[in-house]
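These protein sequence lines map, in sequence, to chains A and B. Numbering-wise (our numbering), the first sequence opens with residue 1 and increments by one. Numbering-wise (our numbering), the second sequence opens with residue 1 and increments by one.
Hints listed in this document are in silico derivations from the structure and should not be mistaken for laboratory results. Treat each hint with caution, since some may be false.
[Unchecked claim] In silico SDA-like links for lysine to any residue, alpha-carbon gap of 20 Å or less:
| # | chain 1 | residue 1 | chain 2 | residue 2 |
| --- | --- | --- | --- | --- |
| 1 | A | K51 | A | A187 |
| 2 | A | K75 | B | V286 |
| 3 | A | K51 | B | R280 |
| 4 | A | K51 | B | V33 |
| 5 | A | K75 | B | E277 |
| 6 | A | K75 | B | R280 |
| 7 | A | K51 | B | E277 |
Because the structure is a prediction, the values reported are computed rather than measured.
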Amino acid sequence: MATAAPLLELKGVSKRFGPVQALDRVDFAVRAGEVIGLVGDNGAGKSTLVKTIAGIHAADGGAISFEGREASISKPQDATELGIATVYQDLALCDNLDVVANLFLGREEVSPGPGQVSRQLDEARMEHQTGELLSNLAVTIPSLRSEVGTLSGGQRQQVAVARSLLGEPRVVLLDEPTAALGVAQTAQVLQLIRRLRERELGVVVISHNLVDVFEVADRIVVLRLGRNAGEFDAEATTEEHVVSAITGVGAEGERKNGENGEERR
Amino acid sequence: MSATATAGAETQGSDRRETLRRILQGDLASLRVVIGLALIWVIFQSQNDRFLSAENLTNLMLQITGIALISIGIVYVLLLGEIDLSVGAVSGLAAAVMAVLNVKHGWNPYLAIAAAIAVGLAIGLLQGFLFSRFGVPSFVVTLAGLLAWQGALLQVLGSTGSINITDPKITGLANTFYDGATAWILAALVIAAFGATLFLGHRRRVAAGLEAESPTGMLVRFVLVAAVTIVAVAVLNSDRGIPLALLILLAFVVGMEYVARRTAFGRHVFAVGGNAEAARRAGIGVNRVRTVVFGIAGAMAAIGGIMIASRLLAVNQGSGGSELLLLAIAGPVIAGTSLFGGRGSVWTALLGALVIGSISNGMDLLALSSAVKFMVTGGVLLLAVIVDAVARQQRQASGRV
Numbered sequence: 001m002a003t004a005a006p007l008l009e010l011k012g013v014s015k016r017f018g019p020v021q022a023l024d025r026v027d028f029a030v031r032a033g034e035v036i037g038l039v040g041d042n043g044a045g046k047s048t049l050v051k052t053i054a055g056i057h058a059a060d061g062g063a064i065s066f067e068g069r070e071a072s073i074s075k076p077q078d079a080t081e082l083g084i085a086t087v088y089q090d091l092a093l094c095d096n097l098d099v100v101a102n103l104f105l106g107r108e109e110v111s112p113g114p115g116q117v118s119r120q121l122d123e124a125r126m127e128h129q130t131g132e133l134l135s136n137l138a139v140t141i142p143s144l145r146s147e148v149g150t151l152s153g154g155q156r157q158q159v160a161v162a163r164s165l166l167g168e169p170r171v172v173l174l175d176e177p178t179a180a181l182g183v184a185q186t187a188q189v190l191q192l193i194r195r196l197r198e199r200e201l202g203v204v205v206i207s208h209n210l211v212d213v214f215e216v217a218d219r220i221v222v223l224r225l226g227r228n229a230g231e232f233d234a235e236a237t238t239e240e241h242v243v244s245a246i247t248g249v250g251a252e253g254e255r256k257n258g259e260n261g262e263e264r265r
Numbered sequence: 001m002s003a004t005a006t007a008g009a010e011t012q013g014s015d016r017r018e019t020l021r022r023i024l025q026g027d028l029a030s031l032r033v034v035i036g037l038a039l040i041w042v043i044f045q046s047q048n049d050r051f052l053s054a055e056n057l058t059n060l061m062l063q064i065t066g067i068a069l070i071s072i073g074i075v076y077v078l079l080l081g082e083i084d085l086s087v088g089a090v091s092g093l094a095a096a097v098m099a100v101l102n103v104k105h106g107w108n109p110y111l112a113i114a115a116a117i118a119v120g121l122a123i124g125l126l127q128g129f130l131f132s133r134f135g136v137p138s139f140v141v142t143l144a145g146l147l148a149w150q151g152a153l154l155q156v157l158g159s160t161g162s163i164n165i166t167d168p169k170i171t172g173l174a175n176t177f178y179d180g181a182t183a184w185i186l187a188a189l190v191i192a193a194f195g196a197t198l199f200l201g202h203r204r205r206v207a208a209g210l211e212a213e214s215p216t217g218m219l220v221r222f223v224l225v226a227a228v229t230i231v232a233v234a235v236l237n238s239d240r241g242i243p244l245a246l247l248i249l250l251a252f253v254v255g256m257e258y259v260a261r262r263t264a265f266g267r268h269v270f271a272v273g274g275n276a277e278a279a280r281r282a283g284i285g286v287n288r289v290r291t292v293v294f295g296i297a298g299a300m301a302a303i304g305g306i307m308i309a310s311r312l313l314a315v316n317q318g319s320g321g322s323e324l325l326l327l328a329i330a331g332p333v334i335a336g337t338s339l340f341g342g343r344g345s346v347w348t349a350l351l352g353a354l355v356i357g358s359i360s361n362g363m364d365l366l367a368l369s370s371a372v373k374f375m376v377t378g379g380v381l382l383l384a385v386i387v388d389a390v391a392r393q394q395r396q397a398s399g400r401v
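One chain only, chain A, in its complex shape (with noise of 0.2 Å):
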């Protein structure tokens, strides 16, 4: 399991949206080659963190630093420079093209030519390349040529997470990748994540289904409203332990917020 320095790490960062406080002095952490679940109850402030890694909203205070470097977010555009790739909920697919117009989406190969205009999109590489990423990744697509439309949503999913690593990124975040999948599917996805930790990528899952965080995650981080509540190795810790973080109500009597998770590094 990962040993090295972070790759991503936030400190103290904070978030206020008007009167709420979503974010309050997060500590959060993810090494190359491990895969991290986010959890929390509704309204914890994972979705915030996410947003906010992801540069859709600006931290209000805190420090970021990536790959050891100080980083400023502010933006979408400086994440991805950064290598940092998101996968959102609603997938943000086009459903009448096909998985390699999807793939591409915004970032064509074009064949080399006089003005943007008559420049012929090189479609032969282009499927080239989607066939060597969904292979390496093991996604069994029924043609790179079907419209996305037609495929299930599991299939949805995995052409989602593939097109989030045509960009090279060093940190994937997967916005509740198995919510609305059946059995099969959702572990068709598990075992993509699997393979995106042999990558060497920093990967971030947030998910309301303790289940699937179990099966897929090294470290389980804990939000209970906007604040670490607890981070647990997958591996020595049980569900109930999780559960307390998240609810605050702790089996061996009642957590205050935030300070005494267990295993906190």
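Given chain A, work out where chain B should sit, using these hints.
What follows is chain B alone, placed relative to chain A:
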């Protein structure tokens, strides 16, 4: 390399099913239209044997050129899931600009034509900018445009109200024909170009180690296109020859289909029409794409208007009016371009204009009244829109599990 090869072998069976599905669901639209067109032709021919004569088919081609050119711009707008109600008025205004500059101010005909196209392009870009920048529905922006540009047409024409075009360079656009050997050389060039495109595309896919179309499939397509070209040229040659207008139309259809299918810009048009939010997140300048598409619609409307003026030898206060706008929108929809955005092809501009033009031309031959003509065309449009809506419902029902 070997990984792709095995992956290719694994997916070959399901690929064939996928192809079948595409034929049944996707390309069925164009096949349906071709069958419908054949049916229309058989019906009119059985009622009046002059319908399929070389002379009448040549006339039909000349009649549809202007409207099909306007429809090309409409296809782009429909791909975005938007509508442009101003194209009729813009076509009239652009033709008037050309006529006034050429006849009243003695401009060089090519300069006058260029100015007219520039006017159409500028109008389209303006409407596209207003729509994308301020989020006003395109329906409203272009409805306002429809009124305003009709007013501008009256203004430009001034007190005369009608201008006759006599410049042979302009009237020649719709009244020039290439017959005999010239026509056959053109046909040979078209067939050779199509064959070369097929062959080069195939070679590129093979070189990239991808599954390519079977030689049989390619041969079938080549023979089909060659046969259609040869028959068409033989028919046209037995009358006056290939109309220049038809060549202009085909050049625009092929060129704009290339832009839609083969360039990054065209891909972005489809993406914005399919899921604008996904396109935005992928870093596509959605507003820029929208503005340019309305610019294309304006420019194509101007080009169509110029061709119509060239055929009618005049521009008057009614140019670009009456049912022109509605038929230009109805054509692509009848031929399978979706009103809901993201699905369609530039070829539907040509096919749709052929369907509508055939109905109109055939009923004229049968001396039916405009009343019947409008009702029948309306019925055909309604049928096509219902088919489009049903296809969409089926996609939504089967698309997501």
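Right, here's what the structure says about each hint:
no.: 1; hint: A:K51 with A:A187; result: violated (26 Å)
no.: 2; hint: A:K75 with B:V286; result: holds (18 Å)
no.: 3; hint: A:K51 with B:R280; result: holds (17 Å)
no.: 4; hint: A:K51 with B:V33; result: violated (48 Å)
no.: 5; hint: A:K75 with B:E277; result: holds (17 Å)
no.: 6; hint: A:K75 with B:R280; result: holds (14 Å)
no.: 7; hint: A:K51 with B:E277; result: holds (17 Å)
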